[in-house]
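Chemist: So the chains spell out like this:
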Amino acid sequence: MRTDDEGQRVTDLVIETSGLRKEFTSRKGRRVAVQGLDLAVPAGGVHGFLGPNGSGKTTTIRMLLGLARATRGEMRLFGQPVPRSLPDVIGKVGAVVESPKFAPNFTGRQNLLLLARSIGIPDSRVAAAVETVGLTGRDQDRFKSYSLGMKQRLAIAATLLKEPRLLILDEPTNGLDPAGIREIRDTIRTLGESGVTVLLSSHILAEVQQVCTSATIIGNGRLLASGTVEQLLGEGTSYRVAVPDAAAATAVLTAADLSCVAAPDGGGLLVETDDPAAVTRALAGAGIWLTELTPLRPDLETFFLQLTAADNLGTSTERDAR
Amino acid sequence: MTRLVRVELLRLRLRRAVLLLLVLAVVIPAVIFAARVWDTRTVDDADVLADNYYAVDDCLQHPRRYGLERDAPDLQVVCEEMVVRDYSLRQPLSLASERGGSGLGVVAVLVAILFLLGTTFVGHDWNSGSMSNQLLFEPRRGRIWAAKATAVGLVSFVVAAVVSLAYWLGLYAVMGLRDLAVADGALLDSLAYGVRGAAFATAAALGGLALTMLFRSTVATIGVLFVVSVAGGLFIGVLGVGERWQPPKNVSAIVKNGTEYWVTVPQSCYQRRQPQPVEEGSSCDDTRDLTLLQGSLYYGLPLLGAGAASVLSFRRRDV
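Just so you know, the protein sequences line up as chains A and B, in that order.
Per the working numbering: the first sequence ends with 322, consecutive numbering throughout.
Per the working numbering: the second sequence ends with 1319, consecutive numbering throughout.
A portion of the hints provided could be inaccurate.
Every beta carbon over 10 angstroms from chain A, so not counted as near; a handful from chain B, in silico [claimed, not checked]:
#, residue
1, Leu1022
2, Asp1039
3, Pro1092
4, Ala1108
5, Gly1129
6, Ser1132
7, Phe1137
8, Gly1176
9, Thr1264
10, Pro1266
11, Leu1304
Simulated restraints on C-beta separations [as the list claims (entries may be wrong)]:
#, chain 1, residue 1, chain 2, residue 2, range
12, B, Val1158, A, Ser147, 36 to 46 angstroms
13, A, Gly36, B, Val1227, 22 to 32 angstroms
14, A, Leu148, B, Val1230, 36 to 46 angstroms
15, A, Thr25, B, Gly1305, 22 to 32 angstroms
16, A, Glu98, B, Gly1100, 50 to 60 angstroms
17, B, Ala1308, A, Arg30, 45 to 55 angstroms
18, A, Asp186, B, Val1219, 23 to 33 angstroms
19, A, Arg142, B, Ala1146, 24 to 34 angstroms
20, A, Glu98, B, Leu1301, 54 to 64 angstroms
21, B, Ala1146, A, Ser147, 49 to 59 angstroms
22, B, Pro1302, A, Arg31, 51 to 61 angstroms
23, A, Thr132, B, Val1031, 33 to 43 angstroms
24, A, Lys144, B, Arg1013, 12 to 22 angstroms
25, B, Glu1260, A, Thr25, 48 to 58 angstroms
FYI, nobody ran anything at the bench for these hints, they're computed from the structure.
Even for Gly, the Cβ is constructed at its ideal location relative to N, Cα and C.
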């Protein structure tokens, strides 16, 4: 661990969590939303934060931003422990959590002015942020008259007021039209390239694959995988195998310790392996002659679905009676 | 902190509901003022004859009922004078009597309106969800709470004080125009009454804010307060709680700088053969003093409790 001149911890990680846990208690009992999550987001680039609905993404973000209290575990932003040091680092963090939330009867500009003035940001920055997200001309309209896309843009404008070094975006393209989605993705990509670290929580896997340089996948509040997008996709090399008798081939491949499932489109089998020769060797040994062996270019969606499906088979959300 | 207070003052100014309540806080006392000025207007003969036409007519028709002879000289004039004296209930304007009447009404109006102002101001932040956005810019929740309370307290006190003082100065001016005598110190007493009323109304606004920050909903706050007032009324009615503990009496103690309340004395106090002077404070004394301090504690302690619960809850609960 390095320290700066003032003895403060210096790290290349912008976000770190260790053993992070969040429990919600209600009359129905205790529900664990996040269980022992270790998250590490390096500085720079766009980092995808993936997980099925209810996997704990938003809860994790809310804990990082001090909106929810962690039951256990440690969190750091820019190497500083949060929530204790949140006031010291919040000026470097812009965030949109869940849906955009502003005073409905105030204009977009008034909403931004109130936020800006609360931390001493000059009013001139408001106009710049409005222009960046393409709301110029509509910023004097009331927030309640905005479309969902415009509300999202205003929320992003609010994050840009601080000129953040870390941008946390929770489903930022929700409700945007295709042109708006492209604009926001371009903005995110540009910000990532300019040195701002972006944590992008999204359900849209293609979006993450297009925009992100690295990603973390969680399920049931636990870390499932993390790394660069290339690393993640590399972990899941698969081949499409076409054979006359799929059932017999499945039995042979399983006996040879090769993971295989029927292809969802009915076109043969999908075999997970780094050694395609093992497939031909096993099938030929059993007298089964394959008619196709095609390497499949892995995509994040397939990898994500395989990971989360396996996670759901292996565990279920912890739920204790009070 | 000053910056946050300024932001909250701007937020207050931008809220239309708040502006409407502030207008009501001026207009309703102005209407009460106008009504009092009208109801205490100087009595003239035409006024008396118009208002008491039937009484004068009855006197002329049946003078014996009024102790007059039918053939009494100037019967018309005598009847009119009698009606002026006996039938006109219109009292001349007096600061002392207004402190026990319309002054309390003005305080009650300010309390209700400023309570709503406190609750609707922060209730809007919770209902719209913008509270979480504010915390993304200033995560020190204690400061956010304090800034909102300071803004609400400042605006409430200024508005309530200006309205109250204007009310009493207005009545004083009207008395001057009517050549009515003002007792020594009456104006000062009335202004002090107005300041205490403004302070009480400010406390109500802060109570509304504290409860809404606790319940996180304007509707919930008003609902809980309604239930508490109904249940409290039933409690007082069923258990026969003494006047000392009744809310209006304690309001009087605060704004009037002390008041008196009745207590039940033993039956033996009424069964003495020869009436004796009752010693003040003895068991047979049926009136007791309720001081400003006691009234302040009656409302101040629950307000402090609500404030503490509100701050703790806001600092600890998830948003």
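Chemist: All hints are to be evaluated individually against the structure, with a verdict given for each.
Modeler: We went through each hint and held it up to the structure:
Under the 10 angstroms C-beta cut-off, the non-interface status given to leucine 1022 of chain B relative to chain A holds; the minimum distance is some 16 angstroms. For aspartate 1039 of chain B, the condition that its CB be more than 10 angstroms from all CB atoms of chain A holds, with the nearest at approximately 40 angstroms. Here proline 1092 of chain B stays apart from chain A, with its beta-carbon at least about 48 angstroms from theirs, past the 10 angstroms limit. The Cβ of alanine 1108 of chain B sits about 29 angstroms from the closest Cβ of chain A, beyond the 10 angstroms cut-off, so the non-interface label holds.
For glycine 1129 of chain B, the requirement that its beta carbon stay farther than 10 angstroms from each beta carbon of chain A is not met, with the minimum near 3 angstroms. The claim that serine 1132 of chain B lies off the interface is violated: its Cβ sits roughly 6 angstroms from the closest Cβ of chain A, which falls inside the 10 angstroms cut-off. With a minimum CB-CB distance of about 5 angstroms to chain A, phenylalanine 1137 of chain B fails to clear the 10 angstroms threshold, and the non-interface call is violated. Interface exclusion of glycine 1176 of chain B from chain A stands, the closest Cβ pair being 45 angstroms apart, more than 10 angstroms.
Distance to chain A confirms threonine 1264 of chain B as a non-interface residue, since its nearest Cβ pair spans about 46 angstroms, more than 10 angstroms. Against chain A, the non-interface label of proline 1266 of chain B holds: every CB pair exceeds 10 angstroms, the least being about 52 angstroms. With a least CB separation of 25 angstroms from chain A, leucine 1304 of chain B remains clear of the 10 angstroms interface cut-off, as annotated. Against the hinted window of 36 to 46 angstroms, the Cβ-Cβ separation of valine 1158 of chain B and serine 147 of chain A comes to about 40 angstroms, which satisfies the hint.
Between glycine 36 of chain A and valine 1227 of chain B the beta carbon distance is about 43 angstroms. The supplied range of 22 to 32 angstroms is therefore violated. The hinted range of 36 to 46 angstroms is satisfied by leucine 148 of chain A and valine 1230 of chain B, whose Cβ atoms lie roughly 42 angstroms apart. Distance hint check: the CB atoms of threonine 25 of chain A and glycine 1305 of chain B are about 25 angstroms apart, consistent with the given range 22 to 32 angstroms. A C-beta distance of roughly 55 angstroms is found between glutamate 98 of chain A and glycine 1100 of chain B, which places it inside the suggested range of 50 to 60 angstroms.
Look at alanine 1308 of chain B against arginine 30 of chain A: about 28 angstroms separates their beta carbons, and that is not inside 45 to 55 angstroms. As the Cβ distance of aspartate 186 of chain A to valine 1219 of chain B is approximately 43 angstroms, the hint placing it in 23 to 33 angstroms is violated. Distance hint check: the CB atoms of arginine 142 of chain A and alanine 1146 of chain B are about 29 angstroms apart, consistent with the given range 24 to 34 angstroms. Judged by the Cβ atoms, the range 54 to 64 angstroms given for glutamate 98 of chain A and leucine 1301 of chain B is violated: they are separated by roughly 39 angstroms.
In this structure the hint that alanine 1146 of chain B and serine 147 of chain A lie 49 to 59 angstroms apart at CB is violated, the actual value being about 37 angstroms. Between proline 1302 of chain B and arginine 31 of chain A the C-beta distance comes to about 35 angstroms, which lies outside the given range of 51 to 61 angstroms. In this structure the hint that threonine 132 of chain A and valine 1031 of chain B lie 33 to 43 angstroms apart at CB is violated, the actual value being about 51 angstroms. A hinted range of 12 to 22 angstroms for the beta carbons of lysine 144 of chain A and arginine 1013 of chain B is consistent with their spacing of about 19 angstroms.
Taking the beta carbon of each, glutamate 1260 of chain B and threonine 25 of chain A are about 51 angstroms apart, inside 48 to 58 angstroms as hinted.
Checked against the numbered hints above, the structure violates hints 5, 6, 7, 13, 17, 18, 20, 21, 22, 23; every other hint is satisfied.
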